[in-house]
Amino acid sequence: GQQVMQIPQYQHVQEGEDFTTYCNSSTTLSNIQWYKQRPGGHPVFLIQLVKSGEVKKQKRLTFQFGEAKKNSSLHITATQTTDVGTYFCAGALRNTGKLIFGQGTTLQVKP
Amino acid sequence: NAGVTQTPKFRILKIGQSMTLQCTQDMNHNYMYWYRQDPGMGLKLIYYSVGAGITDKGEVPNGYNVSRSTTEDFPLRLELAAPSQTSVYFCASGAGYEQYFGPGTRLTVT
Numbered sequence: 001g002q003q004v005m006q007i008p009q010y011q012h013v014q015e016g017e018d019f020t021t022y023c024n025s026s027t028t029l030s031n032i033q034w035y036k037q038r039p040g041g042h043p044v045f046l047i048q049l050v051k052s053g054e055v056k057k058q059k060r061l062t063f064q065f066g067e068a069k070k071n072s073s074l075h076i077t078a079t080q081t082t083d084v085g086t087y088f089c090a091g092a093l094r095n096t097g098k099l100i101f102g103q104g105t106t107l108q109v110k111p
Numbered sequence: 001n002a003g004v005t006q007t008p009k010f011r012i013l014k015i016g017q018s019m020t021l022q023c024t025q026d027m028n029h030n031y032m033y034w035y036r037q038d039p040g041m042g043l044k045l046i047y048y049s050v051g052a053g054i055t056d057k058g059e060v061p062n063g064y065n066v067s068r069s070t071t072e073d074f075p076l077r078l079e080l081a082a083p084s085q086t087s088v089y090f091c092a093s094g095a096g097y098e099q100y101f102g103p104g105t106r107l108t109v110t
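So the sequence lines, in the order shown, correspond to chains L and D. When we follow my numbering, the leftmost residue of the first sequence carries the number 1, and every step to the right adds one. When we follow my numbering, the leftmost residue of the second sequence carries the number 1, and every step to the right adds one.
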């Protein structure tokens with residue numbers, strides 16, 4: 001079946017360092033979404049990428065969607081302790097309304 | 001708006017017991033979903049619905065049942081609970097692809 005793989009599983013960084021998580025799908029996606037889950041919380045929608053090669057920024061966060069619409073990345077510049085949590089990518093399958101979630105990358109930030 | 005609400009927040013079940021996890025949304029979304037999240041893992045889709053009266057299986061439907069009689073409500077039924085169903089259950093709703101999650105139900109089966 002369709003799979004979305006996400007790496008790395010864990011990342012520990014010093015505050016101020018950059019962080020990147022990568023997402024790869026076994027099939028072409030209609031769009032890709034990113035969610036953040038704080039410890040003990042629920043996933044919260046961050047952004048959706050739809051177009052091939054699309055790049056979007058939210059303050060220190062940069063999201064990219066690959067040309068083939070099969071991979072994506074999230075880059076955080078100069079991490080802060082408020083960035084702590086697990087970041088999930090989720091691939092949307094065309095005309096189904098369903099998302100296939102990656103396993104997530106848990107980010108720890110040392111002050 | 002309350003968004004997506006789930007009850008209960010916590011529950012302990014004995015093996016073989018049954019229960020219903022409640023989920024309600026007040027955003028008039030057509031799409032609703034049930035996921036389970038095991039420790040340190042991603043979200044696995046159990047069932048989803050594209051509108052009242054329509055439900056379909058996700059990746060891990062065995063041991064669960066759902067119904068969708070109204071737009072607002074999407075309860076998840078566990079029959080004959082097993083230890084493998086110990087997990088955190090999230091309900092979500094959406095109008096297209098973006099999904100809004102409830103706070104979750106932490107279920108332990110012993």
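These aren't lab readings, by the way, just hints derived from the structure by calculation. A quick note: this is a predicted structure, and the numbers were derived from the prediction, not measured. C-beta: ideal position from N, C-alpha, C; glycine also. Certain hints may be false.
As the list claims (entries may be wrong) - Here's a subset of chain D near chain L, in silico, CB distances under 10 Å, partners left out:
| # | residue |
| --- | --- |
| 1 | T7 |
| 2 | P8 |
| 3 | F10 |
| 4 | M41 |
Stated by the list, open to error - So the derived label-pair ranges between C-beta atoms look like this:
| # | chain 1 | residue 1 | chain 2 | residue 2 | range |
| --- | --- | --- | --- | --- | --- |
| 5 | L | T82 | D | A2 | 24 to 30 Å |
| 6 | L | H12 | D | R77 | 39 to 45 Å |
| 7 | D | V50 | L | S26 | 29 to 35 Å |
| 8 | L | Q108 | D | S84 | 40 to 46 Å |
| 9 | L | S26 | D | A95 | 35 to 41 Å |
| 10 | D | N65 | L | E17 | 44 to 50 Å |
| 11 | L | I47 | D | N28 | 22 to 28 Å |
| 12 | L | G16 | D | N65 | 47 to 53 Å |
| 13 | D | R106 | L | G16 | 32 to 38 Å |
| 14 | L | G16 | D | D26 | 24 to 30 Å |
| 15 | D | K9 | L | Q80 | 43 to 49 Å |
| 16 | L | K57 | D | A2 | 38 to 44 Å |
| 17 | D | V50 | L | P39 | 48 to 54 Å |
Evaluated hints:
1. At a threshold of 10 Å, the smallest CB-CB gap from T7 (chain D) to chain L is about 14 Å, leaving the interface hint violated.
2. Taking 10 Å as the C-beta contact cut-off toward chain L, the hint placing P8 (chain D) at the interface is violated, the least distance being around 15 Å.
3. Contact between F10 (chain D) and chain L, as hinted, is not supported at the beta carbon level, the nearest pair being about 12 Å apart and thus beyond 10 Å.
4. Hint status for M41 (chain D) relative to chain L: holds, with the closest Cβ pair at about 6 Å, below 10 Å.
5. In this structure the supplied range 24 to 30 Å holds for T82 (chain L) paired with A2 (chain D), their Cβ-Cβ distance being about 25 Å.
6. The hinted window of 39 to 45 Å between H12 (chain L) and R77 (chain D) holds, with their beta carbons roughly 40 Å apart.
7. In this structure the hint that V50 (chain D) and S26 (chain L) lie 29 to 35 Å apart at CB is violated, the actual value being about 24 Å.
8. Judged by the Cβ atoms, the range 40 to 46 Å given for Q108 (chain L) and S84 (chain D) is violated: they are separated by roughly 29 Å.
9. Between S26 (chain L) and A95 (chain D) the beta carbon distance is about 27 Å. The supplied range of 35 to 41 Å is therefore violated.
10. Remark: the range hint 44 to 50 Å for N65 (chain D) to E17 (chain L) is upheld by a beta-carbon distance near 47 Å.
11. Taking 22 to 28 Å as the suggested C-beta distance range, the pair I47 (chain L) and N28 (chain D) conforms, at roughly 23 Å.
12. Evaluation of the 47 to 53 Å hint for G16 (chain L) and N65 (chain D) yields a pass: the beta carbon distance comes to about 50 Å.
13. At roughly 35 Å, the beta-carbon separation of R106 (chain D) and G16 (chain L) lies within the given 32 to 38 Å, and the hint holds.
14. For the hinted restraint 24 to 30 Å between G16 (chain L) and D26 (chain D), the CB-CB distance of approximately 41 Å leaves it violated.
15. The given range of 43 to 49 Å is broken by K9 (chain D) and Q80 (chain L), whose C-beta atoms sit roughly 29 Å from each other.
16. Taking the beta carbon of each, K57 (chain L) and A2 (chain D) are about 31 Å apart, not inside 38 to 44 Å as hinted.
17. For the pair V50 (chain D) and P39 (chain L), the beta carbons lie near 32 Å from each other, so the given range of 48 to 54 Å is not met.
In this structure, the hints that do not hold are numbers 1, 2, 3, 7, 8, 9, 14, 15, 16, 17, in rising order.
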